[in-house]
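Trainee: Residues per chain are reported as follows:
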Amino acid sequence: MSADEELLEDLLAGKHRALARVISKIENRSPGYRDLVSELYAHTGDADVIGITGSPGAGKSTLVDKLAETYRDRGETVGVIAIDPSSPFTGGAVLGDRIRMASTVGDMDVFVRSMSARGTLGGLSTATADAVKAMDAFGKDKIIIETVGAGQNEIDIVRTADTVAVLVPPGSGDEIQTLKAGILEIADVFVVNKADRDGADRTVQELRDMIQLDEGGGMGGGGGHHSQEVIDAHDDWDPEDDVDDADAERWTTPIVETVATRGEGVDDLLEAFADHRQYLVDSGEHAEQVRGRYAEEIRTLLREDVNAVLEDRLAAAGGVDDLAEAVRQGETDPYSIADDVLAPIETCLEDLEIDDG
Amino acid sequence: MSSEQEQESIRCLVAKVGLDGHDRGAHVIARAFRDAGFEVIYSGLHKAPEEIVQAAVQEDVDVLGISILSGAHDTLIPKIMDGLEEYGAKEDTLVLAGGVIPEEDREELMAEGVSAVFGPGTSIEETIEFVRENAPQR
Chain A
1 MSADEELLED
11 LLAGKHRALA
21 RVISKIENRS
31 PGYRDLVSEL
41 YAHTGDADVI
51 GITGSPGAGK
61 STLVDKLAET
71 YRDRGETVGV
81 IAIDPSSPFT
91 GGAVLGDRIR
101 MASTVGDMDV
111 FVRSMSARGT
121 LGGLSTATAD
131 AVKAMDAFGK
141 DKIIIETVGA
151 GQNEIDIVRT
161 ADTVAVLVPP
171 GSGDEIQTLK
181 AGILEIADVF
191 VVNKADRDGA
201 DRTVQELRDM
211 IQLDEGGGMG
221 GGGGHHSQEV
231 IDAHDDWDPE
241 DDVDDADAER
251 WTTPIVETVA
261 TRGEGVDDLL
271 EAFADHRQYL
281 VDSGEHAEQV
291 RGRYAEEIRT
301 LLREDVNAVL
311 EDRLAAAGGV
321 DDLAEAVRQG
331 ETDPYSIADD
341 VLAPIETCLE
351 DLEIDDG
Chain B
1 MSSEQEQESI
11 RCLVAKVGLD
21 GHDRGAHVIA
31 RAFRDAGFEV
41 IYSGLHKAPE
51 EIVQAAVQED
61 VDVLGISILS
71 GAHDTLIPKI
81 MDGLEEYGAK
91 EDTLVLAGGV
101 IPEEDREELM
111 AEGVSAVFGP
121 GTSIEETIEF
131 VRENAPQR
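Just so you know, the protein sequences line up as chains A and B, in that order. Residues in the first sequence are numbered from 1 upward in steps of one, following the UniProt record's numbering. Residues in the second sequence are numbered from 1 upward in steps of one, following the UniProt record's numbering.
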């Protein structure tokens with residue numbers, strides 16, 4: 001048995017060290033990590049994946065800690081992926097979220113893993129998605145992804161989650177702020193954390209107004225429509241459950257108030273997560289969501305691989321520096337170069353198609 | 001395949017264990033490690049040995065730096081080493097101790113599996129160099 005096969009077996013047998021090691025391989029893109037991840041797929045699909053995002057200081061880590069504690073009280077095992085930024089200059093990072101996971105220390109069934117961005121564009125979301133698979137295959141019931149803060153990167157990462165909670169601290173801006181596109185649109189659940197603070201009521205009211213304005217729009221990641229294709233494609237949807245297709249309800253983003261430091265509102269939040277999960281399954285949206293996710297994974301992998309092939313070709317053509325210099329000297333232009341570099345590949349592909357035909 | 005470009009980064013856990021409540025040194029080290037390009041996980045104050053072990057195993061760190069000023073190193077560090085062994089993590093984790101550790105206690109700590117003891121006055125550069133040279137190749 002190869003070392004990787006052994007590692008996979010240990011992971012499936014519930015050995016923590018093996019899970020930790022597999023996640024490192026994924027992060028490092030160590031040789032053979034792809035085969036490892038591809039083996040994981042057969043063992044995934046049972047975990048609920050929850051994304052927690054919101055601006056820095058919104059109380060994400062503290063809330064995640066309480067969520068994990070509550071799930072554990074209910075007898076469920078939890079995986080947490082806490083993402084922190086890394087320095088764009090040195091690649092270094094201080095991964096500090098673990099400190100706030102105080103309620104569950106010493107309990108190995110809460111597996112907290114800190115990840116840094118490592119400066120790779122798009123690479124983090126791939127690594128996160130793969131780490132989720134490792135935890136899912138390991139047998140975690142609930143997996144919580146906690147993101148850095150509010151930004152486009154977060155939006156990529158939370159696509160890995162079934163349910164996304166966006167934390168909105170009290171007094172986080174006037175109503176215009178809440179109409180801004182982006183982070184608020186990805187919410188399946190709004191959490192007004194620090195609800196004991198001044199301005200919490202106003203923030204709740206503003207969110208409520210925004211949600212009402214959006215009725216008929218696209219809040220919550222798409223409507224409850226499901227084509228026959230979707231119904232055929234997913235096996236956790238039972239037509240009997242769907243009383244009347246015309247009544248298929250859209251998800252209305254609930255607002256939950258919490259005081260994470262005291263654990264207040266955490267049960268309500270878990271209920272909102274469970275409701276959303278139920279909605280996803282009943283509406284057929286879950287199948288659509290999962291399929292969309294896999295489509296994105298396939299595209300990302302293909303892009304990475306094609307990119308590598310192109311890098312090799314560039315190197316074979318003498319490296320990009322000489323080509324860039326040629327452009328600078330006015331001898332050619334980037335468009336011509338791209339055509340030249342790609343032409344043989346296109347010819348190859350065409351020849352292949354002819355052979356197949 | 002060339003697309004599998006390795007992106008390895010040295011991961012360190014900077015840990016405070018036991019009752020000592022001074023973590024300025026740990027903060028300085030954490031920050032210096034970050035600036036050296038390492039990924040640093042800081043444990044926070046007042047951690048029990050088993051909490052440190054849990055974090056070291058889950059985070060799969062290459063390096064565990066234990067900062068201790070309370071004088072309890074001879075009881076707490078062996079507990080951490082035993083915990084690492086239990087999870088099969090002792091062999092390939094570089095364990096460093098720092099803080100106030102008397103000369104006469106060092107040999108015993110080294111026998112427990114600690115790779116180096118950095119007392120007061122050790123330069124940060126020296127520590128970083130040591131980590132770079134000795135971080136386990138996995």
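FYI, nobody ran anything at the bench for these hints, they're computed from the structure. Careful: at least some of the hints might be erroneous.
What the hints assert, rightly or not - Calculated pairs, EDC-like style, for lysine to aspartate or glutamate (alpha carbon to alpha carbon, straight line, at most 20 Å):
1. K90/B x D214/A
2. K15/A x E50/B
3. K15/A x E5/A
4. K15/A x D82/B
Unchecked claim - If you anchor each label on the Cβ, the simulated ranges turn out as follows:
5. R132/B x D214/A: 25 to 33 Å
6. S70/B x E249/A: 53 to 61 Å
7. R24/B x R291/A: 29 to 37 Å
8. R132/B x A338/A: 38 to 46 Å
9. P334/A x M110/B: 36 to 44 Å
Every residue gets a Cβ at the ideal spot worked out from N, C-alpha and C, and that includes glycine.
Trainee: Now look at each hint and say whether the structure bears it out.
Mentor: Status of each hint after checking the structure:
1. K90/B x D214/A: violated (55 Å)
2. K15/A x E50/B: Distance of about 17 Å is within 20 Å: holds.
3. K15/A x E5/A: Holds - the C-alpha atoms of E5/A and K15/A are around 14 Å apart, at most 20 Å.
4. K15/A x D82/B: holds (17 Å)
5. R132/B x D214/A: 25 to 33 Å: For D214/A against R132/B, whose Cβ atoms are near 53 Å apart, the range 25 to 33 Å is violated.
6. S70/B x E249/A: 53 to 61 Å: holds (59 Å)
7. R24/B x R291/A: 29 to 37 Å: Taking Cβ atoms as reference, R24/B and R291/A lie about 52 Å apart, which means the hint is violated.
8. R132/B x A338/A: 38 to 46 Å: holds (40 Å)
9. P334/A x M110/B: 36 to 44 Å: violated (59 Å)
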